[in-house]
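K.L.:
Each chain, written out:
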Amino acid sequence: MDSNQSDRRRFLKQTAALAGVAAGAGLAVRGESAQAQKGETAEAPHVHREPPRRGARYSIDHLTHYTPLQDYAGIITPAPVHFVQQHSMEFPIIDAAEHRLTIHGMVDRPLSFSMDDLKRLPSVSRIHFVECHGNSSPAIHGSNDPKMGLPVQFIHGMASTSEWTGVPLSVLLNEAGLKRGATWLVSEGADQGKFSHTLPMGKALDDVFVAYGQNGEPLRVEQGYPIRLLVPGWEGPFNVKYLRHIKVVDEPYNTWNESMNHSVSRPDLGGKTRWYHFQWAAKSVITRPSALMEMRKGYVNITGLAWSGAGKVAKVEVSTDGGRNWREARLESPVLPKAHTRFNFDWEWNGQEAVILSRCTDETGDVQPSLAELSGHWGIPLEDWHKPERPRAIHMNAIQPWKIARDGSISDAMFA
Amino acid sequence: MQCSLKLLVPVLILAAPVALAQSPRKFPDVGTPLSQAEIQNFDRMIGPEGKELPAGRGTAKEGAVIFAQRCEVCHGKNGENGITHHLVAGSPGHPYSGPFYGVEKDGPSYFPYPTIAWDYINRAMPAPNPGSLKPNEVYALVAFLYYRNGIINENDVMDQNTLPKVEMPNKNGFVPAKPVYPPAKMPSWY
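If you're matching them up, the sequences are chains S and U in order. Following this note's numbering, the numbering of the first sequence begins with 27 at its first residue and continues without gaps. Following this note's numbering, the numbering of the second sequence begins with 87 at its first residue and continues without gaps.
So that you can see chain S by itself, here it is in the shape it has in the complex (with noise of 0.2 Å):
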């Protein structure tokens, strides 16, 4: 009993300290940017300063916040640190008690939930992972903006995973009885820039649930409190948070996130973009050692996270020589579907130049594409990776390699 309840006060430190890290660091770009204009230079000498700030980006219209993926163990997120894409300026201040989720459209009794009546339905917890379609696009690599973290925080940081509690959304559509034809739902949040989706009706039904727990607590602010949709294993964007209305109806409603934020065109398609991209593919990264940081000669623990939006993952391979030679990780239990998976590699650094790298299978056998392999299935040149604007891609799962040099130090070498 003591032992645990220190456990959980380390716990709460450790994520408190985390949460500093990640909440702080709108105010240090704001400061700065304040200093710069004063033509400042010298601290003032009574004023805290963090540490340079890591880990956010604000704009007028966006926020984002990148998960520290190179400091946690493990395969849980702390939600202080779970990542963050806002489509708004701001987070809502909404009051749960008066919040109510509706279910209209297509359906023979719309219906009305409060808070309470959805913490009265049925409930399930499950381990998974969200991630943003952006996440690990190319437009960020080497951007080396020392705000946002190490390479591997801001390059594939928008991926987190969670304990999530919420009642099933087939069980809410039950309630509320489709129509005949109801093939699509679209959802809408209470956020400022009302994002909205659309979801297939086969999704929905399948393993949608909408969330008001996170990781034992309720949902914080930023992950859309007091609840949002958690759909397993697809893209960012259809986990709408601060969840209000859902309309059933029977065709996607294409709505302005969908259609400007969220598509890209694509030369295999003739140019032509698509709306969705749905499922996340099997997918790993490799977060100690990663770039920035720096290797000693000897023995090195290799660790890094492994998922699928298409189930459990079956198999990460690890190659120290630039992908010649792969060895099998060892992974660290558990092993969930659609969930980060924790694998460790025991490795010797003899001080010579190497490229390590690490490749997950899923259990559909799907194995994840070595960037040259994403570009022949997207049909752009490989070389037109190394202009000096590099072509968009989203929904990005390439296998990504550090380069550590004789001295030690770490680099990106995903286009390099």
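Ranges between beta-carbon positions, derived for each pair:
no., chain 1, residue 1, chain 2, residue 2, range
1, S, Gln378, U, Pro185, 41 to 47 Å
2, S, Pro407, U, Tyr276, 18 to 24 Å
3, U, Met272, S, Asn170, 33 to 39 Å
4, S, Pro118, U, Thr248, 30 to 36 Å
5, U, Asp115, S, Gly337, 35 to 41 Å
6, U, Tyr276, S, Arg356, 27 to 33 Å
7, U, Lys147, S, Arg206, 43 to 49 Å
8, U, Asn167, S, Pro407, 30 to 36 Å
9, S, Gly297, U, Ala270, 21 to 27 Å
10, U, Pro214, S, Tyr325, 53 to 59 Å
11, U, His171, S, Gln378, 47 to 53 Å
12, U, Ala270, S, Arg206, 18 to 24 Å
13, U, Tyr276, S, Gln378, 35 to 41 Å
List time: in silico DSSO-like cross-link candidates among lysine-lysine, alpha-carbon distance up to 27 Å:
no., chain 1, residue 1, chain 2, residue 2
14, U, Lys271, S, Lys298
15, S, Lys229, U, Lys264
16, U, Lys147, U, Lys257
17, S, Lys338, U, Lys271
18, U, Lys147, U, Lys163
19, S, Lys205, U, Lys137
20, S, Lys145, U, Lys112
21, S, Lys298, U, Lys257
22, U, Lys264, S, Lys298
23, U, Lys271, S, Lys229
24, U, Lys112, S, Lys229
25, U, Lys112, S, Lys205
26, U, Lys147, U, Lys137
27, S, Lys205, S, Lys229
28, U, Lys271, S, Lys341
29, U, Lys147, U, Lys251
30, S, Lys298, S, Lys413
31, U, Lys264, S, Lys205
32, S, Lys413, S, Lys173
33, U, Lys137, S, Lys229
34, U, Lys251, S, Lys298
To give an idea of the interface, some chain U residues facing chain S are shown, with a C-beta separation under 10 Å as derived from the structure:
no., residue
35, Arg111
36, Gly117
37, Gln122
38, His171
39, Gly188
40, Asp192
What the hints contain is simulated information worked out from the structure, not anything from laboratory work. Backbone N, C-alpha and C fix where the C-beta goes; we use that ideal spot for every residue, glycine too.
Since chain S is already given, all that's left is putting chain U on it; use the hints.
P.N.:
Just chain U now, with coordinates in the frame of chain S:
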């Protein structure tokens, strides 16, 4: 955990949505029925065909005045060079049809359906006070933006009948999202 959900709703997972029709409620004392009047009060989501568009009308000239008052502070004069989303690609009389790579994606020229801009402005704009625009104002703003993007003429009237018929320059720029979506087999690079 996976199991408990499947036991709870076995039919829902295996069968088509049709199976749900007329299925009885399991928790009839949970939730509150909504009246049509209540639904009309909050249901503002507009689909691609614009079936839900409300009555109202507006022109580019009316929209120019509203834009200067409500939108210019963020989006810049005439929707250009503001501090957020650049809203113009092309120019009056000269629509822009691609390629869409950078800021061209930010404005309505990119959207394949004429209703998307109306729906978003109506629900989410202006950012500090979303939902405060009247239908006439939204029609006028859309008319103004479409005129500045070369999609319609300056004197065209936008209303619930004319707006859905506007020919968008990038209407063929997307892989159709229906009828079978997602496909049965989705390759990882989909």
